[in-house]
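A.B. asks: Just need the whole structure built from these sequences, with the hints factored in.
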Amino acid sequence: MKTTIYLNNTLWFSVVVGCLIMFGFISCNHRYPRPDESFSNIYQAKETTLDHIALENDKEFLVNVAEIDLEEIKLGQLAQHNSQQYEVRVLGKMMEVLHYKSLKNIKAIAKKKSISIPTALSNHAIDTYGKLNKESKSDFDFAFCNIMVLSNKDAIDSLEKVLVESNDLDMIQWANLMLPALRSNLNQAITCKRNAKSSSLRY
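Okay, so the sequence shown: first residue is 1 according to full-length UniProt numbering, each after it adds one.
In case anyone wonders, no lab produced these hints; they're calculated from the structure. Some hints here could point you the wrong way.
Claimed, not checked - The list that follows gives simulated cross-link-like pairs (lysine to aspartate or glutamate, DMTMM-like), each with its CA atoms no further than 25 Å apart:
1. 101 - 165
2. 101 - 139
3. 153 - 96
4. 113 - 157
5. 107 - 56
6. 93 - 127
7. 74 - 135
8. 74 - 168
9. 197 - 96
10. 131 - 154
Said to hold, decoys possible - Quick list of simulated restraints, FRET-style, between CB atoms:
11. 164 - 136: 20 to 26 Å
12. 111 - 191: 16 to 22 Å
13. 121 - 60: 27 to 33 Å
14. 129 - 163: 37 to 43 Å
15. 177 - 57: 34 to 40 Å
16. 108 - 129: 24 to 30 Å
17. 163 - 121: 23 to 29 Å
18. 176 - 134: 17 to 23 Å
19. 60 - 191: 31 to 37 Å
20. 194 - 126: 24 to 30 Å
21. 101 - 136: 29 to 35 Å
Only a predicted model underlies this, so the values are computations on that prediction, with no experimental measurement involved. Yeah, the Cβ is synthetic: ideal placement off N, Cα and C, and Gly gets one too.
C.D. replies: Shown next, in the form of structure tokens:
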């Protein structure tokens, strides 16, 4: 009799423990996502964040370059009108043509990415143009060439950064296309600046 009671108690104990284990297993599965599902969600969230950051970086760069292009076109036109030296007027024309071409490519890339870029001069560009336009005939060439040296150096640094950091093929191709011309213009601007300084010292 005691043996029967002991066996019955043991059986009930086993059933209860089994139910508790099964309930715990079901609860854990219900409460926590599977490892593969959790990893997939984290990966997708990370990819979305990286894509957003890349788009914001591209937007900032395209807006900045568009502002530079608009400014360089305007200053190049001013140099062709105000400069006393032939080589400076040639440099002005080179800047106008190059940055007009750059702006055209930038607009195409921005449109493809649904990014709005400036279509008018920034306040900084308007201020620079106004100050340069007020320069005397003897001082204009040096002032213009100095601006071109600085702006070309900044543009080259920006494009080299694109080649290192960007994964966008359109922007990489554009940077590779622009860099040789910008380096050539930089050398021309340095030469013009040196000659303009020597010329001003003679007067």
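A.B. asks: Now tell me, hint by hint, if it's right for this structure.
C.D. replies: Now for the hints, and whether the structure bears them out:
no., hint, result
1, 101 - 165, "23 Å, holds"
2, 101 - 139, "29 Å, violated"
3, 153 - 96, "17 Å, holds"
4, 113 - 157, "23 Å, holds"
5, 107 - 56, "16 Å, holds"
6, 93 - 127, "21 Å, holds"
7, 74 - 135, "16 Å, holds"
8, 74 - 168, "29 Å, violated"
9, 197 - 96, "23 Å, holds"
10, 131 - 154, "20 Å, holds"
11, 164 - 136: 20 to 26 Å, "42 Å, violated"
12, 111 - 191: 16 to 22 Å, "37 Å, violated"
13, 121 - 60: 27 to 33 Å, "19 Å, violated"
14, 129 - 163: 37 to 43 Å, "30 Å, violated"
15, 177 - 57: 34 to 40 Å, "20 Å, violated"
16, 108 - 129: 24 to 30 Å, "26 Å, holds"
17, 163 - 121: 23 to 29 Å, "28 Å, holds"
18, 176 - 134: 17 to 23 Å, "38 Å, violated"
19, 60 - 191: 31 to 37 Å, "33 Å, holds"
20, 194 - 126: 24 to 30 Å, "29 Å, holds"
21, 101 - 136: 29 to 35 Å, "32 Å, holds"
Hints 2, 8, 11, 12, 13, 14, 15, 18, counting from the list given before, are not met by this structure.
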